[in-house]
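Each protein sequence line maps, in turn, to chains R and Y. Per the working numbering, the first sequence runs over residues 3 to 323. Per the working numbering, the second sequence runs over residues 85 to 430.
Keep in mind the hints are simulated off the structure, nothing from the lab. Heads up, some of the hints might be wrong.
To be verified - Calculated lysine-lysine pairs in the DSSO-like style (CA-CA distance at most 30 Å, straight line):
no., chain 1, residue 1, chain 2, residue 2
1, R, K288, R, K317
2, R, K245, R, K317
3, Y, K91, Y, K101
4, R, K317, R, K306
5, Y, K133, Y, K303
6, Y, K327, Y, K303
7, Y, K416, Y, K381
8, Y, K303, R, K306
9, Y, K327, Y, K381
10, R, K306, R, K245
11, Y, K294, R, K116
12, Y, K91, Y, K133
13, Y, K294, R, K245
14, R, K288, Y, K294
15, Y, K91, R, K306
16, R, K117, Y, K101
17, R, K288, R, K306
18, Y, K303, Y, K101
What the hints assert, rightly or not - According to the in silico footprint, chain Y covers these stretches of chain R (three or more CB under 8 Å from chain Y):
no., stretch
19, 12–24
20, 33–41
21, 98–106
Unchecked claim - Here are the simulated distance ranges between beta carbons:
no., chain 1, residue 1, chain 2, residue 2, range
22, R, L36, Y, K416, 27 to 33 Å
23, R, C305, Y, D419, 49 to 55 Å
24, R, Y166, Y, L282, 25 to 31 Å
Here a beta-carbon is modelled for each residue, glycine too, at the ideal position from N, C-alpha and C.
Letter by letter, the chains look like this.
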Amino acid sequence: MSTGTTRLDVVVSDVVPVNELVTRFHFRRRDGELLPTFSGGAHVVVEMRDGERTRLNPYSLMGSPLDTREYTISVRRDDVGRGGSLFMHRSVKPGLEMVISYPVNLFSLDLRAKKHLMLAGGIGITPFMAQTAQLAGEGGNFELHYTCRTASLGTYADVLRERYDRRIRLYHDDLDERIDLDRLLSTQPLGTHLYVCGPAGMINWVRDRAADLGWPSEAVHFEHFAAPQPGLPFDVTLAVSGKTIRVDEQQSLLEAIEAAGVDPPYLCRGGVCGQCETNVISYDGKFIHNDHWLSEEDHRSGCKIMPCVSRFEGKSLVLER
Amino acid sequence: MGITFRKETFRDDFTFKNSPEHIRRFPFPFHEDSYMYAVNIEPHVVGPKGSVLENLIDVDEHYVAEMQDRALVLAEDPLRCQSLPHMTLAGWDLLELLMEQQALGYPEHFTLARDGDRWRWINRPLGIDDTFTFGDTSTLPYGPMEYITRQSQGDFCILDQRDGNLWMDAGMVTTQADWSLDFDIGMNFFEWHAPVPLAHEKGIFTRALKFLTNIQQGKPARRLNWTMTINPRLDTSPENYHKWGPDRTTVTPENVGDKVHLRVELQSFWRLPRSNGIVFPIRCYLIKMDELVTQPKWARRLHRVIRDLPEELATYKGLTRYRPTLVEWLSKLDDGSATSPGFGPD
């Protein structure tokens, strides 16, 4: 991942099962030095050597930014995903040497906020682990609402309650507990910033209600945990490098381009940062744009694609790579 | 062997001078015989020994005198240093960056010792030896940004990143080329670049912003910018225009070599780790024409660049009044032969 981010050589120092779906991984630097400082909401891209394949998945750093002796991430196992989380769960053991990227923050706290209102769904709790630690250290004003399916799947809910007591509110789907969103959003003090991380449905719900209730978009922050979706295989011609490649069902277009020895830039690998934006030279077929970066007009134009998450169905596609 | 710091002034009697070694290391900004804007941004990596890029934060023979000049500017006008309340964390980020880089590059002059949050900073050229608690503003005589930028050459803009834009929300700006932190503070990237001609039409700012918002930790970037200044004045601020503006009328064929200075800014861009802000150090280098033309390649090339500069750019850079005098003087040093590629002297 030479053109993406600066890399760090790490060793897995601990692997801790958290519940039936989530496992936590600890990384330390191989040279024993401190890891780089980071800010709450940052992620690292973890490089996985899975046989012939190299997988690159982003995970939020969930430790305190005040302690960089180790980095911790939590990975939710996805049995029907493309295999990255399964690789982490099955093959990553203490002592394994791995390569991760420097931290990148695309879900930063707005430090002007008078109050930080945080909404998490499921594994979307991870960036808030670091953000709450950062704010608690600075005496910041925050409140976290966390929805999970059942109490036993409330990853780190106990830790958060222990640390922050009544600043944490829990909602369990199996008990039919739901956030009273309209009431929550309409009773916040002026200067509150809203942060949401979780499934796409939850993010859309929160953003839509906030907009309807008159929240300025600058005060609403969100992070999608959008992994690339599998789909039908397709062929792509890379005009600059003169290669024709096949994108497999379980592979993203970006991964296929990298496997062909071309090194496009990237940061998030989740369709939000804009780094891997690529011009389309010609196409015959239809795009499946899964990104949140390009405008609707860009999507309609057929001139651009974000290869980290977007796919294609049709006869031919030529990209400027 | 340490640096020998010069005793010199940037005002009144203007005793500023470059030593012969410093003339050769001057960051001459023209790689060809003409100049037009470009997004000339490249990775900020360590360059050749003896150049201004030998260390990522450069300290040179003008250090002590520049810091004394900064203190004079601040005494007259404290608004040259401002930090909005949410930028204190970024100030600590900058303090760490500058102490680390200065101690790394110049161990004979600067020492940083850390014991957890207890830090000791020794700055020998300025006679400072302070122990403080990192993160606790009450343990320093100034806020973290002001403390460290009173001890670092160049101006510093700290930018907050939000809503896909950059906001100038803190800075120490005392050596600027006719712009004002007090005017720009709180503005976003497009607002503070609004006065620049031509570049908007070329889409340069949109592309530059996209690049800057993607700057990553551990991967700083840089670019060079330039203008000209009459007399070696570091502080050419709008606030003090009445002092330096009239200097432009004093250039004569006899004093061009001594009065007219090329002013080059080495701008670098760094992602700050705790605050996720960007810091934008603007390091100013001055060289008078008499010093510059000791390198024949630079003399020939500068003549062609200034002669052919588009009118809008000459106006924006404030050259209009003395450009003919300067071009005439430089033309005598241009024998018409080709200049070699690259920035450095032959």
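So, going through the hints one by one against the coordinates:
no.: 1; hint: R:K288 <-> R:K317; in the structure: holds (9 Å)
no.: 2; hint: R:K245 <-> R:K317; in the structure: holds (17 Å)
no.: 3; hint: Y:K91 <-> Y:K101; in the structure: holds (10 Å)
no.: 4; hint: R:K317 <-> R:K306; in the structure: holds (17 Å)
no.: 5; hint: Y:K133 <-> Y:K303; in the structure: holds (20 Å)
no.: 6; hint: Y:K327 <-> Y:K303; in the structure: violated (40 Å)
no.: 7; hint: Y:K416 <-> Y:K381; in the structure: holds (13 Å)
no.: 8; hint: Y:K303 <-> R:K306; in the structure: holds (27 Å)
no.: 9; hint: Y:K327 <-> Y:K381; in the structure: violated (33 Å)
no.: 10; hint: R:K306 <-> R:K245; in the structure: holds (19 Å)
no.: 11; hint: Y:K294 <-> R:K116; in the structure: holds (28 Å)
no.: 12; hint: Y:K91 <-> Y:K133; in the structure: holds (25 Å)
no.: 13; hint: Y:K294 <-> R:K245; in the structure: holds (28 Å)
no.: 14; hint: R:K288 <-> Y:K294; in the structure: holds (28 Å)
no.: 15; hint: Y:K91 <-> R:K306; in the structure: violated (58 Å)
no.: 16; hint: R:K117 <-> Y:K101; in the structure: violated (52 Å)
no.: 17; hint: R:K288 <-> R:K306; in the structure: holds (12 Å)
no.: 18; hint: Y:K303 <-> Y:K101; in the structure: violated (34 Å)
no.: 19; hint: 12–24; in the structure: violated (count 0)
no.: 20; hint: 33–41; in the structure: holds (count 4)
no.: 21; hint: 98–106; in the structure: holds (count 3)
no.: 22; hint: R:L36 <-> Y:K416: 27 to 33 Å; in the structure: violated (58 Å)
no.: 23; hint: R:C305 <-> Y:D419: 49 to 55 Å; in the structure: holds (50 Å)
no.: 24; hint: R:Y166 <-> Y:L282: 25 to 31 Å; in the structure: violated (53 Å)
Of the numbered hints given earlier, the model fails hints 6, 9, 15, 16, 18, 19, 22 and 24; all others are met.
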